[in-house]
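If you want the building blocks of each chain, they are given just below.
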Amino acid sequence: MPAEINLMVGGEAGQGVQTIGFILAKTLSRAGLFVFADQDYESRIRGGHNFYRVRASDSEVQALTEEMDILIAIDQNTIEFHHSEIREQGVIIFDQDKVRAEGKKANLLGIPLERLSQEKTSNKLMANSVAIGAAIAVGGYEFALLEQTLKEHFAHLGKDIIDGNVKAARAGYDHARQQSPGLVRPRIKALNQATDMMLLNGNESLALGAMAAGCKFMAGYPMTPTTSIIEYMADKGRKFNIVVIQPEDEIAAINMAVGAGFAGVRAMTATSGDGFALMTEGYGLAGMTETPVVIVLGQRSGPAVGLPTRTEQGELGFAIYGGSGEFPRAVLAPCTIEDAFHTAVRAFNLAEKYQIPVVILTDEYLATSYQTVKKFDLSQVKIDRGQLISDEEASRLNGYKRHQFTESGISPRLMPMRGKALVVTDSDEHDETGHTIDDAVMRNRMMLKRLKKSDGLNSEFAKPRLYLKPDAEMTLVGWGSSFGAINEAAQMVEKEGLRVNVMQFNEIWPFPAQAVTSALSSTKRSVVIENNATGQLRRLIRAETGILASGGILKFDGRPFSPKQIATQLSKEAA
Amino acid sequence: MASLTDYGPAMEIQWCPGCGNFGILTAMRRALVALGLEPHQVLMVSGIGQAGKFPHYLHSHVFNGLHGRTLPVATAAKIANHELTVIAVGGDGDGYGEGGNHFINAMTRNVNFTYMVHNNQVYALTKGQASPTSDPGFVTKTTPEGAWAPLRPLALAVACDCSFVARSFSADIDHLANIIQLGIQHKGFAFIEVLQPCVSFNHVNTYEWYQKRVYKLEKDYDPTNRVAAFSKALEWGERIPLGVVYRNDRPVYEEQLGALRTSPLVKQGLDPQQFEELLEELTVQPLKPHR
Chain Y
52 MPAEINLMVG
62 GEAGQGVQTI
72 GFILAKTLSR
82 AGLFVFADQD
92 YESRIRGGHN
102 FYRVRASDSE
112 VQALTEEMDI
122 LIAIDQNTIE
132 FHHSEIREQG
142 VIIFDQDKVR
152 AEGKKANLLG
162 IPLERLSQEK
172 TSNKLMANSV
182 AIGAAIAVGG
192 YEFALLEQTL
202 KEHFAHLGKD
212 IIDGNVKAAR
222 AGYDHARQQS
232 PGLVRPRIKA
242 LNQATDMMLL
252 NGNESLALGA
262 MAAGCKFMAG
272 YPMTPTTSII
282 EYMADKGRKF
292 NIVVIQPEDE
302 IAAINMAVGA
312 GFAGVRAMTA
322 TSGDGFALMT
332 EGYGLAGMTE
342 TPVVIVLGQR
352 SGPAVGLPTR
362 TEQGELGFAI
372 YGGSGEFPRA
382 VLAPCTIEDA
392 FHTAVRAFNL
402 AEKYQIPVVI
412 LTDEYLATSY
422 QTVKKFDLSQ
432 VKIDRGQLIS
442 DEEASRLNGY
452 KRHQFTESGI
462 SPRLMPMRGK
472 ALVVTDSDEH
482 DETGHTIDDA
492 VMRNRMMLKR
502 LKKSDGLNSE
512 FAKPRLYLKP
522 DAEMTLVGWG
532 SSFGAINEAA
542 QMVEKEGLRV
552 NVMQFNEIWP
562 FPAQAVTSAL
572 SSTKRSVVIE
582 NNATGQLRRL
592 IRAETGILAS
602 GGILKFDGRP
612 FSPKQIATQL
622 SKEAA
Chain R
45 MASLTDYGPA
55 MEIQWCPGCG
65 NFGILTAMRR
75 ALVALGLEPH
85 QVLMVSGIGQ
95 AGKFPHYLHS
105 HVFNGLHGRT
115 LPVATAAKIA
125 NHELTVIAVG
135 GDGDGYGEGG
145 NHFINAMTRN
155 VNFTYMVHNN
165 QVYALTKGQA
175 SPTSDPGFVT
185 KTTPEGAWAP
195 LRPLALAVAC
205 DCSFVARSFS
215 ADIDHLANII
225 QLGIQHKGFA
235 FIEVLQPCVS
245 FNHVNTYEWY
255 QKRVYKLEKD
265 YDPTNRVAAF
275 SKALEWGERI
285 PLGVVYRNDR
295 PVYEEQLGAL
305 RTSPLVKQGL
315 DPQQFEELLE
325 ELTVQPLKPH
335 R
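Quick note, the sequences are listed as chains Y and R, same order.
Position one of the first sequence corresponds to residue 52 (this note's numbering), numbered consecutively onward.
Position one of the second sequence corresponds to residue 45 (this note's numbering), numbered consecutively onward.
Bound-form chain Y, shown alone:
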């Protein structure tokens, strides 16, 4: 059993929950531990109840857990809502002047957080750092770990703020050790090994992948949960000559991405379900004009506005079938934070190679969760621009047909103003030259030309990830961000004697039907696990392979799966 420590911090929006959580995550990753952190927040700037969970282990962790060793309660609600999640011998850290915790089944570590902050720094606003210091003490870690993290985190705010926070944290650290030495108990020691690890969230990973892949143009209208992709690229991209534009709406965003793609740069947009609803017209435009474009669809709970800050996997069908008419497209669903980077690179390559729109399906959970991952190897990033006509070839062109018929359905692509040949395309049905047509024969040929591209795409598509056990009784099937939870659930049930395979989709459309059929025939039973209410993947598998999975585990309350929730359901299924 890998050793781990789990911490939670809870409070109102605006009380610094996120900052505390992130600093804890960073401090533990600095200790050489593997960290996974997720956050739960409401669509409000002040008030309500938010929490942040940090899980640190001596081996890789890819999912949240619900059992806590240390709970930092910034407000009373945190204690009321979460005291039952504290493990035996767990500790609640709270401000004894503001929060009551008597009678709760946990070790109580009441500290005058604000008073200590005021005393040590003449500023009660550093109370959160006092709490962080106490938590690090209870975890049994050296103060130096935290000190370095605080210095880094507050570096941009100047010396006074840095020194104040370090002092406050030190006060909390010492107070916990002196007042309750019995509670100071290392759950898992710092490994302090030299690592090459990054701590980043899904959106950062995806944005880095997009930039490394050569994205030069991003048009995005802010919408949770993908706003931070736009912001990150706007902030970091300037130095690398990447244009980020915030347009008037999502309709403009996708049409801009298409316009930039047509002109010849790698272009993308990012949105959520309702934004994608506005984009579906432009999605088809990219399909019809054979313009490469990458669309990040960060799912959240729908329909309509739904639960704006909550997670869901409700738009698989929408991405696969969305848009008027029929056109080839690729739908990718990164399974982990690390995957998001590689999937972004892959998306740009597929978009240009096949001259199609590519959707990257993420969700709120993947977008905002943090994980320690091995530093990406940029030398492994390969940019494949497909059949893009070079300047030299362009100068020799004598006439050009943008939508020329070819065996593969892929027409060599020319950027406007490379050479003198003209590039013509049309959202109306068109002939090879790109001009409007209305005749039946050309219509058929052009439709088949475009759809032909799916064959090539299908042949190079990755099979779902498969983790097979000999004599497995059941196959667990999932897609996208649920991978970590499903995988860990599989390990949990195995301990109870239930042997299961895991099949997780990343590249999901065009559907890898053959691979799925053979994988599913290896076990009698299969359970499709999805963060939605209608079992979209389960229905897709049936539509594409004729196989009806024997079971489904669905969750659509806006919260991500925990491994334990899945394992409990599986034990019921097996019984």
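Incorrect hints may appear among the rest.
[As the list claims (entries may be wrong)] Pairs of lysine-lysine residues, derived as DSSO-like cross-links and limited to a Cα-Cα distance of at most 30 angstroms, are as follows:
no., chain 1, residue 1, chain 2, residue 2
1, Y, Lys-575, Y, Lys-615
2, Y, Lys-425, Y, Lys-452
3, Y, Lys-615, Y, Lys-546
4, Y, Lys-240, Y, Lys-156
5, R, Lys-185, Y, Lys-471
6, Y, Lys-426, Y, Lys-514
7, Y, Lys-156, Y, Lys-514
8, R, Lys-311, Y, Lys-290
9, Y, Lys-175, Y, Lys-155
10, Y, Lys-514, Y, Lys-425
11, Y, Lys-500, Y, Lys-520
12, R, Lys-311, Y, Lys-287
13, R, Lys-311, Y, Lys-433
14, Y, Lys-471, R, Lys-260
15, Y, Lys-426, Y, Lys-452
16, Y, Lys-202, Y, Lys-240
17, Y, Lys-175, Y, Lys-202
18, R, Lys-231, Y, Lys-290
19, Y, Lys-452, R, Lys-263
20, Y, Lys-171, Y, Lys-210
21, Y, Lys-202, Y, Lys-433
[Unchecked claim] For each label pair, taking beta carbons as the anchor points, the in silico distance ranges come out as:
no., chain 1, residue 1, chain 2, residue 2, range
22, Y, Glu-93, R, Trp-280, 21 to 29 angstroms
23, R, Gln-300, Y, Gly-191, 49 to 57 angstroms
24, Y, Glu-93, R, Ala-193, 36 to 44 angstroms
25, R, Glu-82, Y, Thr-70, 18 to 26 angstroms
26, Y, Glu-111, R, Gly-313, 31 to 39 angstroms
27, R, Gln-229, Y, Glu-282, 54 to 62 angstroms
28, Y, Arg-289, R, Thr-250, 47 to 55 angstroms
29, Y, Gly-450, R, Gly-313, 24 to 32 angstroms
30, Y, Glu-93, R, Val-243, 53 to 61 angstroms
[To be verified] Just so you have them, the derived chain Y footprint on chain R, three or more residues with Cβ under 8 angstroms:
no., segment
31, 105–119
32, 146–155
33, 243–252
34, 292–304
Think of the hints as simulated: they come from the structure by calculation, not from any bench.
Given the structure is predicted, the values throughout are model-derived calculations rather than measurements.
Cβ atoms here follow ideal geometry from the backbone N, Cα and C, with glycine treated the same way.
The hints should help you fit chain R onto chain Y, whose structure is shown.
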């Protein structure tokens, strides 16, 4: 040097005989030739409507996109390759109706390209329904009791501080060709409305109707006076002004983008390795134990 025949129709023209669009096409060709532009330097972007077919009828790069969505495509194409001369074309339904939000934002954003709206005050491709600029009382199949309240696009443009606002008339080819030249030469977003009689579906606003009303702005008219321009932009009915109604020299959007300073985006190389420093920023620096 390109000649008029270099811009000759790229395919059979499908407009009705007598359509105002023919005059616009002639004027556009003349303007492009007069400016010494070659077809491969010009990208025409259009949406859907009779005006949306326009780019197919002269030789240039063409992106004929969706109804109402010309301006976002044109905006991004210009940013991606600012060496292109970008001209967006559409009708009143496409630009003022379906694309209204893009129209407003393109004007405030001020990317350097030209937008020409063929305003015939009716939907012609769908065979005769009211448009955002139909005169009050204009009876169509969708407005049997008459159209309600018209948009005054030039007034909207002045309100948005659009950096070039002009109007011309499709029957006055010399005037129109000149206005198009001025629009293309203008640095910033240039909006040109062209009054265009529809011989099939608008039997009210005919050639004669326009001819009786249009007049050219006086020589001493000052298009840089925004307040005066606003009242000129509202003029409609008995007298309709033609010419450059408003202009300013506001900063151009893409000129403040650092990314375009060295070369157009499309000409910049791609190098994954340059992002190493961003990975470094996120890398966890472990602490060596000090004992």
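The hints, checked one at a time:
1. Y:Lys-575 / Y:Lys-615: Holds. Lys-575 of chain Y to Lys-615 of chain Y sits at ~23 angstroms (cutoff 30 angstroms).
2. Y:Lys-425 / Y:Lys-452: Violated - the C-alpha atoms of Lys-452 of chain Y and Lys-425 of chain Y are around 45 angstroms apart, more than 30 angstroms.
3. Y:Lys-615 / Y:Lys-546: Distance ~13 angstroms between Lys-615 of chain Y and Lys-546 of chain Y Cα, so the pair holds.
4. Y:Lys-240 / Y:Lys-156: Holds, because 25 angstroms separates the two Cα atoms, which is no more than 30 angstroms.
5. R:Lys-185 / Y:Lys-471: Roughly 46 angstroms separates the two Cα atoms, so the pair is violated.
6. Y:Lys-426 / Y:Lys-514: 25 angstroms, holds
7. Y:Lys-156 / Y:Lys-514: 48 angstroms, violated
8. R:Lys-311 / Y:Lys-290: This hinted pair holds, its Cα atoms lying about 17 angstroms apart.
9. Y:Lys-175 / Y:Lys-155: Between Lys-175 of chain Y and Lys-155 of chain Y the Cα gap is close to 27 angstroms, so the pair holds against 30 angstroms.
10. Y:Lys-514 / Y:Lys-425: 24 angstroms, holds
11. Y:Lys-500 / Y:Lys-520: Between Lys-500 of chain Y and Lys-520 of chain Y the Cα gap is close to 42 angstroms, so the pair fails against 30 angstroms, i.e. violated.
12. R:Lys-311 / Y:Lys-287: 21 angstroms, holds
13. R:Lys-311 / Y:Lys-433: Roughly 19 angstroms separates the two Cα atoms, so the pair holds.
14. Y:Lys-471 / R:Lys-260: Not satisfied, since the Cα-Cα distance of roughly 38 angstroms exceeds 30 angstroms.
15. Y:Lys-426 / Y:Lys-452: 43 angstroms, violated
16. Y:Lys-202 / Y:Lys-240: 22 angstroms, holds
17. Y:Lys-175 / Y:Lys-202: OK: Lys-175 of chain Y and Lys-202 of chain Y at ~19 angstroms, within 30 angstroms.
18. R:Lys-231 / Y:Lys-290: 26 angstroms, holds
19. Y:Lys-452 / R:Lys-263: 48 angstroms, violated
20. Y:Lys-171 / Y:Lys-210: Roughly 16 angstroms separates the two Cα atoms, so the pair holds.
21. Y:Lys-202 / Y:Lys-433: 37 angstroms, violated
22. Y:Glu-93 / R:Trp-280: 21 to 29 angstroms: With a Cβ separation near 51 angstroms, Glu-93 of chain Y and Trp-280 of chain R fall outside 21 to 29 angstroms, so the hint is violated.
23. R:Gln-300 / Y:Gly-191: 49 to 57 angstroms: 53 angstroms, holds
24. Y:Glu-93 / R:Ala-193: 36 to 44 angstroms: 42 angstroms, holds
25. R:Glu-82 / Y:Thr-70: 18 to 26 angstroms: Taking Cβ atoms as reference, Glu-82 of chain R and Thr-70 of chain Y lie about 58 angstroms apart, which means the hint is violated.
26. Y:Glu-111 / R:Gly-313: 31 to 39 angstroms: 36 angstroms, holds
27. R:Gln-229 / Y:Glu-282: 54 to 62 angstroms: 37 angstroms, violated
28. Y:Arg-289 / R:Thr-250: 47 to 55 angstroms: 54 angstroms, holds
29. Y:Gly-450 / R:Gly-313: 24 to 32 angstroms: 29 angstroms, holds
30. Y:Glu-93 / R:Val-243: 53 to 61 angstroms: Since the Cβ atoms of Glu-93 of chain Y and Val-243 of chain R sit about 60 angstroms apart, the hinted range of 53 to 61 angstroms holds.
31. 105–119: Our answer is that it holds, as 12 residues pass the Cβ test (under 8 angstroms) against chain Y, meeting three.
32. 146–155: holds (count 3)
33. 243–252: violated (count 0)
34. 292–304: holds (count 4)
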